[in-house]
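Here the working numbering is used: position 71 in the sequence shown is 71, and no number is missing along the way.
These are calculated hints, taken from the structure and not from any lab test.
Treat the hints with care, as some may be off.
Label pairs and their calculated CB-CB ranges [as the list claims (entries may be wrong)]: (1) Thr-36 with Ala-60: 16 to 22 Å; (2) Arg-51 with Gly-151: 25 to 31 Å; (3) Asp-158 with Pro-8: 30 to 36 Å; (4) Gly-15 with Gly-70: 42 to 48 Å; (5) Gly-70 with Glu-10: 40 to 46 Å; (6) Asp-97 with Ser-57: 20 to 26 Å; (7) Gly-127 with Ser-86: 20 to 26 Å; (8) Ser-160 with Pro-7: 29 to 35 Å; (9) Ala-84 with Asp-33: 28 to 34 Å; (10) Pro-73 with Ala-147: 29 to 35 Å; (11) Gly-167 with Ser-65: 29 to 35 Å; (12) Arg-67 with His-171: 26 to 32 Å.
Yeah, the Cβ is synthetic: ideal placement off N, Cα and C, and Gly gets one too.
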Amino acid sequence: MPSPLIPPEEAAAYGDLPSPTPHSEAELTALLDLLTAPGTHIASVVVGHSRDAASRSAAAAFIDSWRGLGRPPVLAVIDWPESAASWLRAARRFTADEPDAWVVAAAPLGWAQMSRRLRHSTDWDPGRTYGFAALGDSRVPALAGAATLQGMRGVTADGSTWTIDRGWVTHPLPALGPTARPRGTL
Numbered sequence: 001m002p003s004p005l006i007p008p009e010e011a012a013a014y015g016d017l018p019s020p021t022p023h024s025e026a027e028l029t030a031l032l033d034l035l036t037a038p039g040t041h042i043a044s045v046v047v048g049h050s051r052d053a054a055s056r057s058a059a060a061a062f063i064d065s066w067r068g069l070g071r072p073p074v075l076a077v078i079d080w081p082e083s084a085a086s087w088l089r090a091a092r093r094f095t096a097d098e099p100d101a102w103v104v105a106a107a108p109l110g111w112a113q114m115s116r117r118l119r120h121s122t123d124w125d126p127g128r129t130y131g132f133a134a135l136g137d138s139r140v141p142a143l144a145g146a147a148t149l150q151g152m153r154g155v156t157a158d159g160s161t162w163t164i165d166r167g168w169v170t171h172p173l174p175a176l177g178p179t180a181r182p183r184g185t186l
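Go ahead and model the full structure; you've got the sequences and the hints to work with.
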């Protein structure tokens with residue numbers, strides 16, 4: 001089986017990926033709303049983050065807010081480096097507790113590497129994974145592989161949402177207001 005690691009020259013082809021920035025309140029609120037929306041039935045979560053300050057802070061803020069909502073305790077908090085030999089240990093720890101959902105605050109390249117390892121070596125489901133704004137960049141699924149992150153959802157800094165679909169980060173169109181009418185003819 002080929003290694004799931006992204007070769008350095010492939011990562012370099014995508015240029016410098018942005019570093020995570022401090023999360024916003026709108027971002028945190030929107031993420032909590034995604035996880036607690038009616039019909040989601042998410043009780044248990046595992047939180048994962050890269051080791052940069054912004055990702056650590058976002059993960060801690062999520063955990064505090066999750067607890068503040070009276071939700072069950074977070075099953076585990078897992079961190080990983082931006083570069084590693086394989087990410088296997090972190091991937092196994094990330095999936096060991098079989099949560100209802102995974103929440104990720106991470107740097108794009110490290111998450112692309114980690115997600116490739118997760119798909120290669122565990123039963124992780126990206127459709128049950130929710131990310132902070134730094135991961136809402138189409139270069140992340142391009143690096144990870146189009147199917148690797150299929151169905152992952154997340155939020156932007158302004159509180160809107162994104163989904164990874166067929167290798168692209170997609171954003172829903174805003175709903176038409178009550179007075180807005182479509183224009184044009186059919």
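Structure-based check of all given hints:
1. Thr-36 with Ala-60: 16 to 22 Å: Taking Cβ atoms as reference, Thr-36 and Ala-60 lie about 19 Å apart, which means the hint holds.
2. Arg-51 with Gly-151: 25 to 31 Å: holds (26 Å)
3. Asp-158 with Pro-8: 30 to 36 Å: With a Cβ separation near 33 Å, Asp-158 and Pro-8 satisfy 30 to 36 Å, so the hint holds.
4. Gly-15 with Gly-70: 42 to 48 Å: For Gly-15 and Gly-70 the Cβ distance comes to about 43 Å; the hint holds.
5. Gly-70 with Glu-10: 40 to 46 Å: Given a distance of about 44 Å, which is inside 40 to 46 Å, the answer is holds.
6. Asp-97 with Ser-57: 20 to 26 Å: holds (23 Å)
7. Gly-127 with Ser-86: 20 to 26 Å: holds (24 Å)
8. Ser-160 with Pro-7: 29 to 35 Å: holds (33 Å)
9. Ala-84 with Asp-33: 28 to 34 Å: With a Cβ separation near 33 Å, Ala-84 and Asp-33 satisfy 28 to 34 Å, so the hint holds.
10. Pro-73 with Ala-147: 29 to 35 Å: At 32 Å between Cβs, range holds.
11. Gly-167 with Ser-65: 29 to 35 Å: Hint holds: Cβ distance 31 Å, inside 29 to 35 Å.
12. Arg-67 with His-171: 26 to 32 Å: holds (30 Å)
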